[in-house]
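What follows is each chain in one-letter form.
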Amino acid sequence: MASGASFEHIQKSYLKVFIVLMILTALTVGVTTIHFGDTLNIIVGVVIALLKAALVIWIFMHLKFDNRRLRYFVYVPAFFFLAFVFALTVLGL
Amino acid sequence: MYSTVIATHTRFNTGIYHGKLGMWVFLASEIMFFTGFFGAFIVLRNLNIEVFTASAHQLDKIVATINTAVLISSSLTMALSHLALERGNEAKFRLFLAMTILCAFAFLGIKSYEYAVKFSHDIYPWTNTFFATYFTMTGFHALHVIGGLIPMAWMLGKSLLKRYPPEMHHRVETLGLYWHFVDLVWIFLFPTLYLIF
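Protein chains in written order, with my numbering: chain B, 149 to 241; chain P, -15 to 181.
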């Protein structure tokens, strides 16, 4: 954690992340009423989910403030997760 | 006291304390655990697209959206609870931890309601492959929520009965990592099951 920053400052940044997460949730639900076509709807849904995940990992899970090498614990399994899901989806489309 | 300091001391070779490193290793394995479910979901969907589309429309989007908001709120209060303890404010730590616990119970309550509605419509895990994966994925996620509730209740109880000293804030941070991960899984489950297919 960035121990130099004040309580209020960090609290404010957590609240900001929370608000953005809520907006993105509303957005991901909202866009389902619009039909871009099946593939594009899936892409939009996944991109919003990835944005939300990045915010949670980066701020709430403190990865932004942690040791750089620790980030590989996210990057490596996340890469396999995405590669696996992407490969299976493309095979089926 | 001495052992607590040693256990949470930042190591020079890894740059982080052991509890955090251990939790991240566990979470990396958890990502792969849930990847299996997502993989199964996609493969089964590719084989039964009509069944999956029709079944996904039977799910209650509104209730799931409320549950998403509840879980995101619990992530916020969890992060604030750790921050409060780190800064030595145990009363605030208890307040935010209690709020997190309430959100977790609310999530499980809403999830039970969803399951109950499905059962009352004669929809069970064996109804079709969509509902088999739906109940498996959300069921395992709910088990993770329960798994997070137990140490949270323990920490709150300890703080109420005795004390939860700020020196032990690392344990709350480690539990927070797990809790945010549970939120993270839901962030992917929600669009996959309810929205995009």
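Fair warning: there could be bad hints in the mix.
[Said to hold, decoys possible] Selected chain P positions facing chain B (Cβ under 7 Å, derived; list incomplete):
1) Ile15
2) Ala75
3) Leu144
4) Lys146
5) Phe172
6) Leu177
[Stated by the list, open to error] Under the rule of at most 35 Å between Cα atoms (straight-line distance), these lysine-lysine pairs were calculated in the DSBU-like manner:
7) Lys212/B to Lys102/P
8) Lys102/P to Lys160/B
9) Lys164/B to Lys95/P
10) Lys160/B to Lys142/P
11) Lys146/P to Lys102/P
12) Lys146/P to Lys160/B
These aren't lab readings, by the way, just hints derived from the structure by calculation.
In this text, a Cβ means the ideal position worked out from N, Cα and C, and glycines have one as well.
A quick look at each hint next to the structure:
no. : hint                 : in the structure
1   : Ile15                : holds (4 Å)
2   : Ala75                : violated (14 Å)
3   : Leu144               : violated (23 Å)
4   : Lys146               : violated (24 Å)
5   : Phe172               : holds (5 Å)
6   : Leu177               : violated (11 Å)
7   : Lys212/B to Lys102/P : violated (41 Å)
8   : Lys102/P to Lys160/B : violated (40 Å)
9   : Lys164/B to Lys95/P  : holds (27 Å)
10  : Lys160/B to Lys142/P : holds (28 Å)
11  : Lys146/P to Lys102/P : violated (43 Å)
12  : Lys146/P to Lys160/B : holds (30 Å)
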